[in-house]
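Asker: Below are the chains, spelled out letter by letter.
Protein chains: 2
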Amino acid sequence: MTLQRVLPFSKELLKQVVAPGDLVIDATAGNGYDTLFLAELVGPSGRVVAFDIQEAAIESTRQRVKDHSHVELVLGSHSELDRFADRPASAVVFNLGYLPKGDHSIITKPDSTLEAITKSLDILKEGGLVLLAIYYGHEGGAEERDAVLSFVSGLPQKKYDVLRYGFINQQNSPPFLIAIEKKRS
Amino acid sequence: MTLQRVLPFSKELLKQVVAPGDLVIDATAGNGYDTLFLAELVGPSGRVVAFDIQEAAIESTRQRVKDHSHVELVLGSHSELDRFADRPASAVVFNLGYLPKGDHSIITKPDSTLEAITKSLDILKEGGLVLLAIYYGHEGGAEERDAVLSFVSGLPQKKYDVLRYGFINQQNSPPFLIAIEKKRS
Chain P
6 MTLQRVLPFS
16 KELLKQVVAP
26 GDLVIDATAG
36 NGYDTLFLAE
46 LVGPSGRVVA
56 FDIQEAAIES
66 TRQRVKDHSH
76 VELVLGSHSE
86 LDRFADRPAS
96 AVVFNLGYLP
106 KGDHSIITKP
116 DSTLEAITKS
126 LDILKEGGLV
136 LLAIYYGHEG
146 GAEERDAVLS
156 FVSGLPQKKY
166 DVLRYGFINQ
176 QNSPPFLIAI
186 EKKRS
Chain B
6 MTLQRVLPFS
16 KELLKQVVAP
26 GDLVIDATAG
36 NGYDTLFLAE
46 LVGPSGRVVA
56 FDIQEAAIES
66 TRQRVKDHSH
76 VELVLGSHSE
86 LDRFADRPAS
96 AVVFNLGYLP
106 KGDHSIITKP
116 DSTLEAITKS
126 LDILKEGGLV
136 LLAIYYGHEG
146 GAEERDAVLS
156 FVSGLPQKKY
166 DVLRYGFINQ
176 QNSPPFLIAI
186 EKKRS
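Going down the list, the protein sequences come from chains P and B. Residue numbers for the first sequence, in the working numbering: 6 to 190. Residue numbers for the second sequence, in the working numbering: 6 to 190.
Since the hints were made in silico from the structure, they are not lab data. All figures in this text were calculated on a predicted structure; none of them were measured in a lab. Among the hints, erroneous ones may be present.
One copy or any two copies: either way a pair holds, since identical chains are not told apart in the list.
[What the hints assert, rightly or not] The list that follows gives simulated cross-link-like pairs (lysine-lysine, DSSO-like), each with its CA atoms no further than 30 Å apart:
1) Lys188 / Lys16
2) Lys124 / Lys114
3) Lys124 / Lys71
4) Lys163 / Lys71
5) Lys164 / Lys71
6) Lys16 / Lys163
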């Protein structure tokens, strides 16, 4: 297969911008897969802060990263993620939608999502990436997708490149990726 | 810059699927830049067929590939490109829009474009790619863009992967890429 799926493509991008020692943020820990991947990329000299509003997600993530003491788990909203940034972050990742295998009525919502994206861009290092994997098949998903697309399409091109990457002939609304790169000034 | 522009990304994909000796088709020769790139990829043991409906484009391309005798130039519509395929093609590339620096009233049109895409998929090798760089800022461009998007979004996912790749926060309607991969059966 030549055309990379969304998640492998996303990981390739992270490998290019995240180095050992970096600060990175997982805005939606979910089951902790991304948190673990980020923890391995930054290594013990780095720092990962992972957020989730659901205890089940934090617990699941805690198990997955138990060998990585440089990961901090925050049970709470990612809309205050800037308070945890002691320096510019090289990447901030989001999975927008609901917790897989969790309670599907608990979803990310447009207002807090846009606030969190704005704060992510503020704390982002030049050359760093904000990655948004957008799941929209659930109720309320299309509304959030459209709010995010509208917001990121309006980001000034002098400061940011906003890429959309996704497969458009698939059933079951697979996620697509928005990757925002902060340009070097 | 981590996020690749559309044209470099497109070239990376071509490098992955086109090998020396292959048949490849440039459905819209334009100024011949893609034709030359393809001629170098397939080498003298391969074959490139390049189409354009404008004499100025064919002439410009002829100059650019004059050292490559394995390139055939066809002054005519790409809607009959299948007649030139003596074997499955590893790639077919299109630039949809108008000839840069040429007569902007001469544009690709939805009907013949969709016919040419259909024929491209018919002659495509398994694992091969049809690449569509879609320029849509000109008059009639949005109509063609929407016709193409509607068509490719309906391609069966059992046989094809259809990727959309492009920057969504740019002024001046830069092109985006549609990449269609024929799955191996």
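Asker: Going through the earlier hints one by one, which of them does the structure break, listed in rising order?
Answerer: Violated: hints 4, 5.
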